[in-house]
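Chemist: Sequence:
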Amino acid sequence: MVACNRTGQSDMGSKKRLKVSVGEIKEVSLPNRGDAGSELIGTSDNQEVVEVSRRQLAPAVDTLTRANTGPTVFQIKGVTVGTANVTFTTRAMTASGNGQPVRTYVVQVTAK
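Residue numbering for the sequence shown follows numbering that gives the first Met the number 0, beginning at 0 and increasing consecutively.
There's no promise every hint is true.
Unchecked claim - List time: in silico DSS-like cross-link candidates among lysine-lysine, alpha-carbon distance up to 27 angstroms:
1) Lys25 <-> Lys15
2) Lys76 <-> Lys111
3) Lys14 <-> Lys111
4) Lys76 <-> Lys15
5) Lys111 <-> Lys15
6) Lys76 <-> Lys18
7) Lys25 <-> Lys14
8) Lys111 <-> Lys18
9) Lys76 <-> Lys14
10) Lys25 <-> Lys76
11) Lys111 <-> Lys25
Think of the hints as simulated: they come from the structure by calculation, not from any bench.
Could you put together the complete structure from these sequences and hints?
Modeler: Structural data, given as structure tokens:
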């Protein structure tokens with residue numbers, strides 16, 4: 000029955016710890032769900048401590064194609080010393096509200 004142990008097996012809504020220094024940027028990669036009608040959103044509960052943004056890549060040759068291949072990469076930046084929760088959710092592009100939690104990070108920002 001060891002195979003039934005789910006500890007560490009699922010990222011769905013799990014909390015992970017992440018340490019960054021003030022001014023440091025760490026990238027977090029989340030797999031796409033393969034649904035072109037949904038979007039992945041990253042938010043910080045304290046933007047004075049941690050900023051979350053999606054990494055901007057150069058556009059492909061055909062910018063009209065909406066292929067969700069590969070992971071979505073977010074950047075987590077330490078702003079000031081403290082702790083913040085960063086939550087990644089997925090929701091339909093036409094929906095409002097918070098969406099479904101995918102992963103949560105407890106981010107501790109330390110001085111350099």
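Chemist: So, for every hint listed, does it hold in this structure?
Modeler: Evaluated hints:
1. Note on Lys25 and Lys15: the hinted pairing holds, with a Cα-Cα distance of about 14 angstroms set against a maximum of 27 angstroms.
2. With a C-alpha separation of about 13 angstroms, the suggested pairing of Lys76 with Lys111 holds against the 27 angstroms cut-off.
3. Taken as a hint, the Lys14 and Lys111 pair is honoured in the structure, with Cα atoms around 25 angstroms apart against an allowance of 27 angstroms.
4. The suggested pairing of Lys76 with Lys15 holds, with an alpha-carbon distance near 16 angstroms, which does not exceed 27 angstroms.
5. Our distance criterion of 27 angstroms between C-alpha atoms is met by Lys111 and Lys15, whose separation comes to about 22 angstroms.
6. Taking the CA atoms of Lys76 and Lys18, the gap is about 10 angstroms. The hint holds against a cut of 27 angstroms.
7. Distance hint between Lys25 and Lys14 is fulfilled; the C-alpha atoms sit about 17 angstroms from each other, no more than 27 angstroms.
8. Between the alpha carbons of Lys111 and Lys18 the distance comes to roughly 12 angstroms, so the proposed pair stays at or under 27 angstroms and holds.
9. Distance hint between Lys76 and Lys14 is fulfilled; the C-alpha atoms sit about 18 angstroms from each other, no more than 27 angstroms.
10. Restraint check for Lys25 and Lys76: the C-alpha separation of about 7 angstroms stays at or below 27 angstroms, so the hint holds.
11. About 15 angstroms separates the Cα atoms of Lys111 and Lys25, which keeps this hinted pair within 27 angstroms; it holds.
In summary, this structure violates none of the numbered hints.
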